[in-house]
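If you want the building blocks of each chain, they are given just below.
There are 4 protein chains.
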Amino acid sequence: MPETLIKVDLATSPYENERIHNRWHPDIPMACWVEPGDDFRVETYDWTGGQIKNDDDAADVRDVDLNQVHFLSGPIGVKGAEPGDLLVVDILDIGAVENSLWGFNGFFSKNNGGGFLTEHFPEAQKSIWDFHGMFTSSRHVPGVKYAGLIHPGLIGCLPDRKMLEAWNAREKALFDTDPERVPALATLPNGDETAHMGKLKGEARDKAAAEGARTVPPREHGGNCDIKDLSRGSKIYFPVYVDGAGLSMGDLHFSQGDGEITFCGAIEMAGWLHIKVSLLKGGMAKYGIRNPIFRPSPITPRYDDYLIFEGISVDEAGKQHYLDVHIAYRQACLNAIEYLTKFGYSRAQAYAILGTAPVQGHISGVVDIPNACATLWLPTDIFEFDIMPGSDGPTKFLDGSVSVPLAPDL
Amino acid sequence: MPETLIKVDLATSPYENERIHNRWHPDIPMACWVEPGDDFRVETYDWTGGQIKNDDDAADVRDVDLNQVHFLSGPIGVKGAEPGDLLVVDILDIGAVENSLWGFNGFFSKNNGGGFLTEHFPEAQKSIWDFHGMFTSSRHVPGVKYAGLIHPGLIGCLPDRKMLEAWNAREKALFDTDPERVPALATLPNGDETAHMGKLKGEARDKAAAEGARTVPPREHGGNCDIKDLSRGSKIYFPVYVDGAGLSMGDLHFSQGDGEITFCGAIEMAGWLHIKVSLLKGGMAKYGIRNPIFRPSPITPRYDDYLIFEGISVDEAGKQHYLDVHIAYRQACLNAIEYLTKFGYSRAQAYAILGTAPVQGHISGVVDIPNACATLWLPTDIFEFDIMPGSDGPTKFLDGSVSVPLAPDL
Amino acid sequence: MPETLIKVDLATSPYENERIHNRWHPDIPMACWVEPGDDFRVETYDWTGGQIKNDDDAADVRDVDLNQVHFLSGPIGVKGAEPGDLLVVDILDIGAVENSLWGFNGFFSKNNGGGFLTEHFPEAQKSIWDFHGMFTSSRHVPGVKYAGLIHPGLIGCLPDRKMLEAWNAREKALFDTDPERVPALATLPNGDETAHMGKLKGEARDKAAAEGARTVPPREHGGNCDIKDLSRGSKIYFPVYVDGAGLSMGDLHFSQGDGEITFCGAIEMAGWLHIKVSLLKGGMAKYGIRNPIFRPSPITPRYDDYLIFEGISVDEAGKQHYLDVHIAYRQACLNAIEYLTKFGYSRAQAYAILGTAPVQGHISGVVDIPNACATLWLPTDIFEFDIMPGSDGPTKFLDGSVSVPLAPDL
Amino acid sequence: MPETLIKVDLATSPYENERIHNRWHPDIPMACWVEPGDDFRVETYDWTGGQIKNDDDAADVRDVDLNQVHFLSGPIGVKGAEPGDLLVVDILDIGAVENSLWGFNGFFSKNNGGGFLTEHFPEAQKSIWDFHGMFTSSRHVPGVKYAGLIHPGLIGCLPDRKMLEAWNAREKALFDTDPERVPALATLPNGDETAHMGKLKGEARDKAAAEGARTVPPREHGGNCDIKDLSRGSKIYFPVYVDGAGLSMGDLHFSQGDGEITFCGAIEMAGWLHIKVSLLKGGMAKYGIRNPIFRPSPITPRYDDYLIFEGISVDEAGKQHYLDVHIAYRQACLNAIEYLTKFGYSRAQAYAILGTAPVQGHISGVVDIPNACATLWLPTDIFEFDIMPGSDGPTKFLDGSVSVPLAPDL
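Protein chains in written order, with numbering that gives the first Met the number 0: chain A, 0 to 409; chain B, 0 to 409; chain C, 0 to 409; chain D, 0 to 409.
Hints are computed from structural coordinates only; laboratory data are not their basis. Treat each hint with caution, since some may be false.
The calculated label-pair distances, taken between Cβ atoms and stated as ranges, are [unchecked claim]: (1) D56/A with E383/B: 40 to 48 Å; (2) T394/A with T379/D: 20 to 28 Å; (3) K198/A with T379/D: 19 to 27 Å; (4) T394/A with D385/D: 49 to 57 Å; (5) C31/D with D55/A: 45 to 53 Å; (6) D159/B with R346/A: 24 to 32 Å; (7) F384/D with K198/A: 40 to 48 Å; (8) G201/C with D380/B: 32 to 40 Å.
All C-beta atoms in this analysis are idealised placements derived from N, C-alpha and C, irrespective of residue type, glycine included.
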């Protein structure tokens, strides 16, 4: 058994665990140290630190405190790592917690987080997904079963001070263009009590908390990329900015589609990673690396029969946008949702499928002025019935008796 | 041998061929009629109608007349097709012209077309790709060879008048927000002599030409989607808007990456399609179809070992954008280009590879405010050498003696 | 267009074409010469030289003259090739003849050729398969459609005298153990008029014909391997035994299952190959090569959802055999045939599917005394209906109105 | 957490565990009962019950007591199962024991078990494979790493009395043809103390032990099929012969090649399965099922770039055999072993790779009289270096300093 370097007790608050943090800052002390070549296990909370329960009430999704996210395990110091190196991480395996074999997916309220289709799903909803060995299914979304494409939504190394300052400056500049917007244009550092700075205490903690970047966006170091293909078995090359690298990780997903379009978001779970670390000295300059690169896993679910939906950058109101892939992908997703309703799914169930199944989202065309074209690839083998079009019309396999719990805004 | 319904003589101008057109308009007469269930062949010009030559001079790319594009073969009338139906198209095969076994890829001048990375490659460049059976390689881009993922960049049915008007209105509204922009925000109808309206002649031709939508953007009917996976062997369900459907196609590509980021664009070629058509009556309403949907081919090149590059929506100047997938994908592409230079490629060669090889572009994260995350999947098996990172540093396999012809703006 | 080095006129007898031969002998003169690095096309007859017709009568299969097979195109001399080299062959493409877009599959009479299941199908039967672009279907076997996995059943270099003598000696030794057996244990050289020795004439021809090895079995040089995966796009390394190598090929198949269990056998067709040749000097010793090795194509049909049937080495009479994979595979095939009858197929149709579709045959266990275990992998996506087992029992999709023509022995 | 119905303590003898057995007999009492639809875990010994140790001495492989194998967990009774039903088993997951993350591979002495290449490797050898999350590597076989294709080598239902008698009769008939042969032609029932009949005790135990079929060969019920693709995630349909079905399983493999050619055999391990059972009533007759059928897992290692070796049914002495796939596959394996020595592997290391890596063994041609053709598919991505042929000759990546422990016969 590999050693578990960071342990997590789901019954206690992540704030009580000094090997957890929820902000990015170079002053956060290493939670532990390893040698290049070591392999070890790391346990993690779910990204909310246990705020969401395995029940049929979406009130917890509606009322989630997003100032707390994401609870990360780390930072792990790697001896000999120096700025400019690449930290090579082999994800040898990932799993759920043995006595907690379930995950959640949700849509945040537009007033508290929102999401990709928040205009269409403005209120909080939640679905619970049970794990059956390598597979998952949901009591709230019948007719689908997937093999897990298990991955960390968030993983990366500590920034140095210069990078942190660049992050904070550019995000504040964007935020300031529309400070009242809901959802906010960016989540800026806040020095309040929700910041968990690991072992850092007292004045040093307060100073770092006031500067510490939020964990929400992906950035140069990787971070919250939510790339479904960065799954167990993959090999990742991370830029190193500080001595010791300071690798942190969390936000495990049992399965997710490209875009993580439901925001809350994938099938979120607590769990553990088994990883191995090594160094590629001076790798950033040698290979011209600015953001992480990676090689995907040789073991991923083989769902390769697809029904593909197209979307273009004309929005729901018919307005033409210029090569906007975000809008094009939204249209492709809305097209797929509409299609799935013909087989008996509610729109919320269809949206939950797109957020949790290993759907692919491709940037298919970005030069044919003025329309971007995006495609959503829906794997057909995840359904218990045939969803291909046919001359005998769509069959309503579902009778609508099951729904995704909704918690209206208060 | 299936019958060839539309023939093309590459030695004569497409304007002399009445079964060719280059605008979308419901008044364009059917070039020919078929029955549901028929299969047949259709020949096509390359998208520019022969403007680009198999030589080592990019002047033709620089000087291309984009008012002419795209030359389409059709419209083909399908008996019994009515508005609201789905036209089911099986692409049984696609090939190049036997005595023209080559294609071209290019970057347009920023002043005449531009492209995805036009700020980085503002001048015209061109690479020629030779076809060797199912494979292609280029005398201008050494060290790579791909199996063709042959597909039509452009295929779809005629719009009805109402849809045409919607297109023209929304695109003009966008154009009018910045009419002087280069490249233009949209290419609007122009009634000049470059419009080829098929069999339509005289006054009727002039009227339709003045209204006919340009073929550049993808739209609800499909059209210029440039989806690499809509390849030979795929089955596509197209919305029908007019009696007879009016299916047209062209802009064949021997190979292309997601996004067609070089704009001129894929490996462009003249060739033929062998297709079969059938009808799914009333299918648009039955299945809730607004844009085409399709099932990909069972025969596509198996390039499934990837090196994946990430990009986030912070632009080259360090400016933060809000969930902008277009910018994120641009960063991922620039990261890949930078990486490939370490192995000896020029930046133009690396860009040409990303435009022509079956790279994937995924919308990996679009909810983690404010950064979108896009990934570029570079298939490693297309290279004659190993491009994975290693502790012994990158090897310059290429000596720089070969380059991509460039034609400076005059 | 690559040059066509060997042309074939399907309307004339292969015996009139000096670039065709149907025996292996080192004295057969090269039909033509090429340089290493050349690519070119080669046309071929179907393996029987046109004996089987596109009709609904199996009499031609029953009456086939097997002394004539296989008609090969070649030998092609490669300048500089010497014994001990490896001849590297890239199969760039393969196709059918444009005005002959069909192929045949058959079961030989037990009295004239037999086959893998000849005890179960002792009389001649034939099915015709039409090619629709990259796909094939049969008017005699409804409900299935496959993408072609096109390959040469037979390809290899000329043996030298020593190897030829070894072949003849060992095969005669086997034949002599039961000379009266029907089908024969081996097909030995016969110097009669059915031998086609290419350009070789007169006394030299007669002498070589009397010694020339039949083309039926695969041998050290490759030859009639009938390996479905040696398909277009693959790269093969052939042992070279004579100066110039002398590469010959033929017996094209549009599609075939592992084992080619119907013997007549795959979907047999006339057609052409586009290949490239190069040399790996001294490669046999360097790499320890005795039989050809190859790398499969990056473009093959993606039929990867299978229903798998097991078979063990207990024969139909219940007799136990010792680790006999041949018998185990026969049981797996018989199990699959029985299964398919539950969906409405006749046994002959089911057998034709196993012979022509890209089924896999795996040697699953060969050490668990006394039973070998073989598995037959039946791709489920080739069927127009669902063939998985289910609680609602098998549905007879076919009404038995279509059958495979049978020609009783006279 | 699913309930663990059968627990195993690796520190105690399997003979002390009443939920274990090592013979097939209808009188063995059910170890436990479940309902259709239940999912649960089952722990297993390794097939030898712990006889082989994690060390560098092959004496334990040489001296193994094969009368004891295989120790199976079960039989599990499924309520409502009746003869003629199909028992549907979903393998939801399989894993190793947490404090025993290693497995073994070995070649038995020709005098005690033998194996596929026992004439070439007549003495006992052993390699130990460590598990690193989803991957394995060996201190005795450098340069390779695989993702696990974890599967039970042995799984199936209890025979009824009639089937048991048929097994015993046919195997004895074979055995009697050469009773002195080493290795034996078949392993017959022996009533001695090595038989473990589960809960059955006293006279009843002795009677059943004297009749109980050995677990070595695969048979109609499945049993010791050693099919690598019957891996976690697959769905299997087993014939039911007795009331309650009586499902037993064991002989877990972390990874194995087609044929399990090393006999001792795969990477053998102790571990657990998480399975779900359900019934397809009357399924044997409905679907014509005689042997199990199955659908492979959607999650298997993607090793799909292969170097393929051919073999024909001419044996090492040059003797011609008639369509003998066993011999043809042996030649393909020997060819691959010879090839791998060129890169620095010992023959024993190469043999261990073929036995443990996910190599495929295909029955490529079985009708081309007199030679069968078999192919061995060696996945190239399991090697840390490039094993493709090239003009610069093979490189000896290994220096021969590491070897596979050998224990000479005493």
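For each hint, the structure was consulted:
no.	hint	in the structure
1	D56/A with E383/B: 40 to 48 Å	violated, 58 Å
2	T394/A with T379/D: 20 to 28 Å	violated, 45 Å
3	K198/A with T379/D: 19 to 27 Å	violated, 46 Å
4	T394/A with D385/D: 49 to 57 Å	holds, 51 Å
5	C31/D with D55/A: 45 to 53 Å	violated, 33 Å
6	D159/B with R346/A: 24 to 32 Å	holds, 28 Å
7	F384/D with K198/A: 40 to 48 Å	holds, 43 Å
8	G201/C with D380/B: 32 to 40 Å	violated, 51 Å
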